[in-house]
Amino acid sequence: MVTIIKNDAIDESPFEVVCGDAIDLAESNQILPMATYLESLEQLRGRNDIGVWVDADEEVEALAGLLDLQVIALNFPAFNDGRAYSSANLLRRKLGFEGEIRAIGDVRRDQLEQMVRCGFDAFEMADGQDLDAALASLKVFSDTYQIAIGTPQPLFRRR
Amino acid sequence: MYKYDAYDQTMVDERVAQYRDQTERFLAGDLPADEFMQLRLRNGLYVQRLAPMLRIAVPYGMLSSDQLRKVAHITRQYDKGYGHFTTRQNIQLNWPLLEEVPDILAELATVQMHAIQTSGNCIRNVTADQYAGAARDEVDDGRPWAELLRQWSTFHPEFNWLPRKFKIAVSGAPKDRAAVQVHDIGIRILERNGEVGFEVLAGGGLGRTPVIGSVIREFLPKQHLLTYVEAILRVYNRYGRRDNKYKARIKILVRAMTPKVFAEKVEQEWAGLKDGPGTLTEAEINRARAAFETPDYDRALRDDDPINGAEGDKAFLVWMRNNVAEHKVPGYAIANIALKATGVAPGDVTDEQMEVIADLADRFSFGELRVTHIQNVTLADVPRKDLFSLWQELVAAELAAPNLDLLTDLICCPGGDFCSLANAKSIPVAEAIQREFDDMDYLHDLGEFHINISGCMNACGHHHVGNVGILGVDKKGEEWYQISIGGSADANAAIGKILGPSFARADVPDVVRKIVDVFVGHRADGEEFIDTYNRIGIQPFKDAVYPE
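Chains as they are written, first to last, in the working numbering: chain A, 1 to 159; chain B, 1 to 548.
Among these hints, one or two may not hold up.
DSSO-like cross-link-like pairs, simulated, lysine-lysine; straight-line CA separation at most 30 Å [claimed, not checked]: (1) B:175 with B:476; (2) B:497 with B:245; (3) A:94 with A:139; (4) A:94 with B:260; (5) B:265 with A:94; (6) A:139 with B:3; (7) B:265 with A:139; (8) B:245 with B:260; (9) B:476 with B:247; (10) B:247 with B:3; (11) B:247 with B:475; (12) B:385 with B:175; (13) B:3 with A:94; (14) B:165 with B:245; (15) B:165 with A:94; (16) B:222 with A:94; (17) B:385 with B:476; (18) B:165 with B:274; (19) B:80 with B:165; (20) B:314 with B:328; (21) B:165 with B:247.
Just so you know, the hints here were simulated from the structure itself, not pulled from any lab data.
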């Protein structure tokens with residue numbers, strides 16, 4: 001089990017990120033590297049206990065049409081690498097993915113609210129992050145100018 | 001000008017609270033320095049050579065007199081009694097205390113100001129023509145569009161961690177006073193068949209690799225401004241380089257993909273956004289426009305109204321010929337306050353001068369003023385008949401330098417006196433050039449002449465687009481200056497060419513003198529420096545500066 005923040009609470013998830021060459025596809029509740037998943041589609045057909053993780057330099061469009069996944073995790077190689085925000089946005093808005101989008105990697109509390117607004121709903125925090133403090137950072141701003149997940153109309157259409 | 005409603009105010013107030021918390025966590029040791037650095041940069045706070053530097057946002061350069069008074073108060077209370085106007089139309093404080101920055105931000109918030117996104121790899125302050133709304137040659141006022149972009153880009157959740165900083169400029173007139181061709185995105189307002197829209201440029205920029213932006217869309221109907229810009233940013237955020245900060249600006253991506261392929265990629269991305277909820281509504285466009293509706297002009301005034309008290313005052317006439325521009329409303333003028341008096345760092349103003357300027361804005365220009373990207377101040381709506389009275393007040397405050405757009409109206413970054421990035425000092429170079437060229441009549445004869453000085457490759461002083469550009473370089477621990485000529489930031493923007501080996505600081509004024517002499521010797525009737533240069537090329541200048 002992995003400790004994550006989800007639905008505004010600290011939670012335990014059975015889904016764990018795996019990487020490397022020695023992945024046993026028979027194991028359940030794994031979050032597989034996207035390349036591994038795409039190579040093993042035949043073998044994994046019919047499974048409903050699979051997640052995939054996508055690195056910052058990979059294109060989530062590769063998952064179009066394959067979205068019966070429980071979890072898609074998007075990696076932050078560094079907290080100031082912003083590519084995964086666009087990936088999350090595309091997964092939600094363009095590809096229509098409705099499952100869990102989990103932030104993994106260098107995930108720190110001051111970025112959580114931006115992540116939520118782009119479509120992340122689960123956070124596997126970086127080592128050493130205080131989870132209770134992180135929970136408090138989820139909602140700093142009471143409104144936003146832009147369209148965001150959960151705010152389908154920009155402020156100018158609401159004010 | 002645009003006034004906050006409750007939504008805008010709440011966001012700025014919440015940002016102050018958030019930043020206060022981040023500062024307290026840093027001071028308590030709960031937030032690592034590398035992480036706090038990224039967070040404070042997004043609020044305009046650098047840690048500089050001698051002290052922190054706080055960059056306060058002035059969206060598209062517009063300030064009210066009350067806002068400027070507040071800044072004057074802040075410089076007195078929290079700093080050393082002066083501020084610095086920047087080439088991004090912002091205001092910098094050079095000596096604030098890190099611990100007091102949250103209090104400064106709280107004070108700014110009371111007058112609808114902030115320091116949001118004035119640094120860091122995010123969308124920076126949107127700049128515009130300082131004559132917007134007043135210029136006689138204007139197609140449309142750029143400020144409503146710049147304000148719409150400001151709101152859209154403020155705390156944009158997807159674009160707060162870009163590969164590199166991102167700058168957008170808007171120009172609404174054929175004469176480009178906003179340097180749109182050297183911005184990450186340049187927006188030119190056009191009118192086609194009675195419809196307002198935009199020519200969109202991308203991939204311009206200065207810095208280490210200067211590039212003139214490419215047109216990626218010839219005409220974008222106005223309601224699509226935000227969705228189209230969003231598409232550009234998404235392509236850049238995903239595909240811009242992150243492995244090398246010197247190759248991370250959008251200009252490198254556009255060049256690597258070619259402008260044509262980049263434009264196609266943007267169009268593909270935009271197809272999914274076009275006509276969606278991000279599309280501007282007529283109501284919102286009208287709301288933004290109404291915010292900039294011109295104050296109550298006296299429609300009885302005429303351009304040939306006599307200027308009260310001005311008869312035959314030569315110094316006034318020189319100032320007026322040079323610092324005053326035509327206004328679109330009869331009987332009004334645009335008056336420029338050049339912050340380029342010799343011996344004062346370009347763009348620096350004292351607290352008292354700020355208060356004088358604020359008072360003059362109240363008396364002569366409906367309580368509003370603009371900061372320009374050449375580090376001056378514009379009073380955009382002055383009745384012509386009052387120009388002499390205004391000038392007398394400026395003289396008394398030592399703000400009447402009559403050198404707008406002349407050789408001594410230099411652009412100059414803070415340089416090695418303040419900035420930790422700089423290779424060399426720039427302010428003393430500016431001063432030495434101003435001292436070398438102290439004959440106003442001669443300067444007028446030379447005409448429009450732009451010298452831009454940067455203390456390092458980051459090009460905050462826009463040296464690439466100066467007619468003469470001066471770049472501080474480090475040579476074995478010593479400060480040297482590389483000189484380029486032929487740059488231009490006007491509608492025919494051009495990147496200057498390097499003249500040759502660099503010079504010691506003491507030699508720079510003399511080199512500029514030689515360049516000017518070549519210009520004067522070759523000048524044909526009616527030519528500005530850049531015309532002569534374009535006609536005769538670089539060689540005669542090289543020959544004069546580097547004799548065999």
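Against the structure, the hints come out as follows:
1. B:175 with B:476: Not OK: residue 175 of chain B and residue 476 of chain B at ~42 Å, beyond 30 Å, violated.
2. B:497 with B:245: The hint holds at about 24 Å.
3. A:94 with A:139: holds, 25 Å
4. A:94 with B:260: Roughly 24 Å separates the two Cα atoms, so the pair holds.
5. B:265 with A:94: Distance of about 15 Å is within 30 Å: holds.
6. A:139 with B:3: holds, 26 Å
7. B:265 with A:139: violated, 34 Å
8. B:245 with B:260: Distance of about 24 Å is within 30 Å: holds.
9. B:476 with B:247: Distance of about 25 Å is within 30 Å: holds.
10. B:247 with B:3: violated, 38 Å
11. B:247 with B:475: Holds, at roughly 23 Å.
12. B:385 with B:175: holds, 26 Å
13. B:3 with A:94: Since the Cα atoms of residue 3 of chain B and residue 94 of chain A sit roughly 35 Å apart, the hinted pair is violated (cutoff 30 Å).
14. B:165 with B:245: Satisfied, since the Cα-Cα distance of roughly 10 Å is no more than 30 Å.
15. B:165 with A:94: holds, 26 Å
16. B:222 with A:94: Given pair residue 222 of chain B, residue 94 of chain A holds - Cα atoms ~24 Å apart, limit 30 Å.
17. B:385 with B:476: With a Cα-Cα distance of about 57 Å, the restraint between residue 385 of chain B and residue 476 of chain B is violated, given a limit of 30 Å.
18. B:165 with B:274: Satisfied, since the Cα-Cα distance of roughly 26 Å is no more than 30 Å.
19. B:80 with B:165: holds, 29 Å
20. B:314 with B:328: Roughly 26 Å between the alpha carbons, so the hint for residue 314 of chain B and residue 328 of chain B holds.
21. B:165 with B:247: Holds, at about 12 Å.
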